[in-house]
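Participant: Residues per chain, in single letters:
Number of protein chains: 2
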Amino acid sequence: MKAEIIAVGTELLLGQVVNTNATFLSEQLADLGMEVYYQTVVGDNRNRLEELLNLADKRSDLIVLCGGLGPTEDDLTKEVVARHVGKSLVQDPKGYQILLHFFENSQRVMTENNLQQALTIQDSITLQNPNGLAVGSLYQGEKSTYLLLPGPPSELKPMFRQNAVPELQKVFPTEEKLYSTVLRFYGIGESQLVTDLADLIDGQTNPTIAPYAKENEVTLRITVKTGDENEAEKLLKELEQKILQRVGEFFYGYGDDNSLAKVVVDLLRAHGKTVTAAESLTAGMFQSTLGSISGVSEVFPGGLVTYSPKLKIALLGVKEETIEKYGVVSEECAKEMAVNSLALGQTDFALSFTGVAGPDELEGQAAGTVWIGLAKRDGQVEARCYHFNRNRQYVQQSAVMKGLDLIRRAILTEK
Amino acid sequence: MKAEIIAVGTELLLGQVVNTNATFLSEQLADLGMEVYYQTVVGDNRNRLEELLNLADKRSDLIVLCGGLGPTEDDLTKEVVARHVGKSLVQDPKGYQILLHFFENSQRVMTENNLQQALTIQDSITLQNPNGLAVGSLYQGEKSTYLLLPGPPSELKPMFRQNAVPELQKVFPTEEKLYSTVLRFYGIGESQLVTDLADLIDGQTNPTIAPYAKENEVTLRITVKTGDENEAEKLLKELEQKILQRVGEFFYGYGDDNSLAKVVVDLLRAHGKTVTAAESLTAGMFQSTLGSISGVSEVFPGGLVTYSPKLKIALLGVKEETIEKYGVVSEECAKEMAVNSLALGQTDFALSFTGVAGPDELEGQAAGTVWIGLAKRDGQVEARCYHFNRNRQYVQQSAVMKGLDLIRRAILTEK
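These protein sequences, in sequence, are chains A and W. Position 347 of the first sequence, counting from 1, maps to 347 under UniProt numbering, and the rest follow consecutively. Position 95 of the second sequence, counting from 1, maps to 95 under UniProt numbering, and the rest follow consecutively.
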């Protein structure tokens with residue numbers, strides 16, 4: 001099955017936005033066994049989009065369009081595709097109800113043009129939008145099938161995964177399917193991971209191993225193509241075991257919709273443990289990262305953001321002498337912050353973060369120098385120094401990820 | 001002048017690499033006064049690339065190709081373009097010398113396939129590679145001009161800026177350039193904004209107005225094409241004033257590299273004011289958003305994350321009776337949190353966030369219900385209720401943005 005992706009939006013052609021949707025969709029379509037031969041970007045222009053559809057009809061079974069489903073005049077994808085296939089646009093009753101409900105709830109006036117977002121192509125399957133208002137459509141034409149998705153990645157991704165994939169599998173049933181497992185690693189770089197697994201990566205054609213480096217973590221996607229689900233499971237498990245024998249130390253979890261924060265919250269819940277934090281250079285990022293996971297209230301009561309030395313003393317009770325003698329970027333300060341934070345939060349674990357986010361240095365220490373302290377209910381406390389390079393945001397994020405991993409390891413080794 | 005960008009590489013079609021080259025080149029070409037009408041990605045495949053060149057010849061004056069100049073068998077861009085224009089490939093003497101020199105210096109053996117990197121299209125202008133070994137080419141055909149650039153962004157960008165731009169300006173001399181201003185808005189939706197500006201958007205061709213909706217904000221890019229810089233400035237300023245007369249209430253700042261958080265930190269610094277916060281449902285996200293801005297230490301000492309009712313009482317001193325009588329999702333609780341937070345942080349402003357992040361409801365109130373309190377040093381305190389829909393992350397982000405805007409308005413109206 002041949003597929004192509006058409007992203008519609010002048011902002012892409014002006015270089016204002018990176019076309020990450022094409023990357024996401026390419027990867028997802030490959031998993032469904034589709035071969036993507038073209039990605040194209042075209043502006044918000046009726047004629048050029050129409051021409052492109054004429055061309056795409058000749059070369060692709062599936063044409064995935066993203067962008068241009070919104071309420072403004074620029075948003076013309078639905079209209080152009082509908083005319084191209086000789087259909088009209090009709091209101092989707094469910095999408096319309098959601099739209100009304102949204103404006104009622106948010107106490108905003110619904111301008112007329114918003115109704116456009118509830119329109120779908122006649123005789124198509126409407127795809128609801130879990131994160132927005134514009135509905136998508138899947139239309140099976142005589143020659144090609146058209147999938148229309150919204151432009152914002154936060155809307156496109158869940159609509160594709162939840163609503164488009166099941167419909168696509170009906171339209172394009174395949175004997176052989178792709179089965180895959182995603183393994184997530186923290187604490188090892190991509191180049192090291194690839195070096196450690198070089199013979200496995202080079203030698204394998206089915207399953208294949210695809211490494212992917214993200215900020216502060218690496219994932220490996222193992223994919224097998226087969227008509228037999230049991231066979232798939234066996235092959236994936238065998239290769240996973242070989243991989244984990246070598247780099248299992250850095251493995252923390254499975255799946256695309258996962259994160260180190262989620263694994264930590266799940267582990268805390270499973271073990272009936274709680275955590276708090278006192279954050280200086282991370283300024284609340286560790287706590288809000290935990291807070292992004294639903295169900296966190298069971299395991300996280302809150303904590304402190306003590307950015308200034310003054311609040312470290314006033315709110316957290318760090319001794320003035322400690323700061324005078326050792327500075328805030330020190331083992332002593334990190335330990336006191338963690339211990340006092342544990343006492344205030346009445347939790348099983350407390351983390352502290354103190355260091356130099358940058359760009360400027362602090363107390364003569366370079367940007368990127370970070371002390372992380374960990375206190376436990378039994379009175380144990382330790383602190384270690386880390387050096388994260390690059391910019392302010394990277395330093396803060398790296399400190400948060402390291403803190404999450406420290407908690408993860410503390411729970412797993414505690415017993 | 002019409003241009004299009006063709007990125008060559010199967011890794012792009014598999015979703016392993018994001019096509020940031022297209023974004024970079026689009027922006028650069030716009031600055032040169034070229035109109036980019038298409039971006040296409042095609043795999044390492046002779047026939048499909050050849051077909052695409054036939055199509056591009058018909059629609060573009062300049063065809064920019066990136067990727068496929070390297071030493072491996074997959075690297076076929078030069079070969080396909082040369083055959084397409086009826087020329088052969090010849091060795092570039094300077095590129096060849098650099099290649100030899102590189103392998104001598106690095107004491108590595110030069111495999112035969114590396115020579116491919118020094119080949120250029122006969123009768124073209126060779127572009128040297130400041131950061132790599134593969135040379136680029138600029139070939140002026142009868143109908144179209146072809147620019148061949150390497151795939152790695154670290155090679156493509158300097159080659160384009162240093163070596164391609166001067167040559168392109170000779171081939172396509174223009175009097176006119178593009179000048180643009182970006183206006184940023186918070187608190188108004190994209191659909192409302194374009195409704196309010198409908199006649200301006202429809203009526204204008206030079207300057208043009210391009211709206212772009214991001215999570216929780218909207219930007220407008222005003223662009224003018226002219227040969228006269230003073231004229232550009234005047235036209236941009238005039239249109240900006242017309243826009244701000246209508247929707248200036250929601251305008252908060254200029255530029256691509258800006259954010260509401262940055263504007264707030266800058267304003268606090270300029271006015272010598274400080275802020276703290278007590279966060280429940282946002283769990284530290286407001287504080288870490290401030291913390292992402294460098295220089296924030298002058299205006300933000302820290303604050304509290306009181307996720308549980310227990311810590312609202314123990315750390316923040318909210319009265320037990322308040323929570324018992326009104327619940328945590330209430331005006332009373334939000335006000336007490338703000339007032340007590342101000343006292344603890346000793347700041348000019350204090351924000352409080354308490355509400356239902358979701359997905360579940362709390363105290364019988366729907367997910368998305370958020371009270372935000374604002375206390376000021378002079379004793380004033382107020383709290384308002386907001387309803388943010390969608391998912392947990394959106395609710396948290398929306399609350400943070402609203403909090404930032406409350407501070408911004410408080411500073412601006414303070415006199």
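Calculated from the structure, these hints are not laboratory results. In this text, all values refer to a predicted model and were calculated from it rather than measured experimentally. A portion of the hints provided could be inaccurate.
Since copy identity is lost for identical chains, a pair holds within one copy or between any two.
Here are the computed lysine to aspartate or glutamate pairs in the EDC-like style, where the Cα-Cα straight-line distance is at most 20 angstroms [stated by the list, open to error]:
id : residue 1 : residue 2
1  : K2        : E51
2  : K177      : E11
3  : K214      : E11
4  : K214      : E73
5  : K157      : D257
6  : K335      : E215
7  : K87       : E51
8  : K310      : E298
9  : K94       : E175
10 : K58       : E229
11 : K335      : E238
12 : K2        : E27
13 : K376      : D360
Participant: When no copy is named, should K2 and E27 be tagged within, between, both, or neither for a Cα gap of at most 20 angstroms?
Facilitator: Within one copy, since 14 angstroms is at most 20 angstroms while 31 angstroms is not.
Participant: Are the CA atoms of K87 and E51 at most 20 angstroms apart within a copy, between copies, both, or neither?
Facilitator: within (18 angstroms within a copy, 30 angstroms between copies)
Participant: Between copies, within a copy, both or neither: which fits K214 and E73 at Cα up to 20 angstroms?
Facilitator: between (36 angstroms within a copy, 17 angstroms between copies)
Participant: Tell me, please, which holds for K310 and E298 at an alpha-carbon limit of 20 angstroms: within, between, both or neither?
Facilitator: So K310 and E298 pass the 20 angstroms test across copies only (12 angstroms; inside, 31 angstroms).
Participant: Quick one: K214 to E11, C-alpha cut-off 20 angstroms, is that within a copy, between copies, both, or neither?
Facilitator: between (25 angstroms within a copy, 12 angstroms between copies)
Participant: Is the C-alpha distance from K335 to E215 at most 20 angstroms within one copy, between copies, in both cases, or in neither?
Facilitator: Close neither inside one copy (28 angstroms) nor across copies (39 angstroms); limit 20 angstroms.
Participant: State whether the alpha carbon distance between K177 and E11 is at most 20 angstroms within one copy, between copies, both, or neither.
Facilitator: between (35 angstroms within a copy, 18 angstroms between copies)
Participant: My question is about K376 and D360: at a cut-off of 20 angstroms on alpha-carbon distance, are they close within one copy, between copies, both, or neither?
Facilitator: Neither way: K376 and D360 sit 33 angstroms apart in one copy and 31 angstroms across, limit 20 angstroms.
Participant: Within a copy, between copies, both or neither: which one fits K94 and E175 at a CA-CA cutoff of 20 angstroms?
Facilitator: This pair counts as neither: shortest intra-copy Cα distance 33 angstroms, inter-copy 53 angstroms.
Participant: Between the shortest in-copy and the shortest cross-copy C-alpha distance, which are at most 20 angstroms for K2 and E51: within, between, both, or neither?
Facilitator: Both. Shortest intra-copy (19 angstroms) and inter-copy (16 angstroms) distances satisfy the 20 angstroms Cα cut-off.
Participant: Evaluate K335 and E238 at a C-alpha cut-off of 20 angstroms and name the case that applies: within, between, both or neither.
Facilitator: neither (43 angstroms within a copy, 58 angstroms between copies)
Participant: Using 20 angstroms as the alpha-carbon threshold, which applies to K58 and E229: within, between, both, or neither?
Facilitator: neither (33 angstroms within a copy, 46 angstroms between copies)
When held up to the earlier numbered hints, the structure conflicts with 6, 9, 10, 11 and 13 and fits the remainder.
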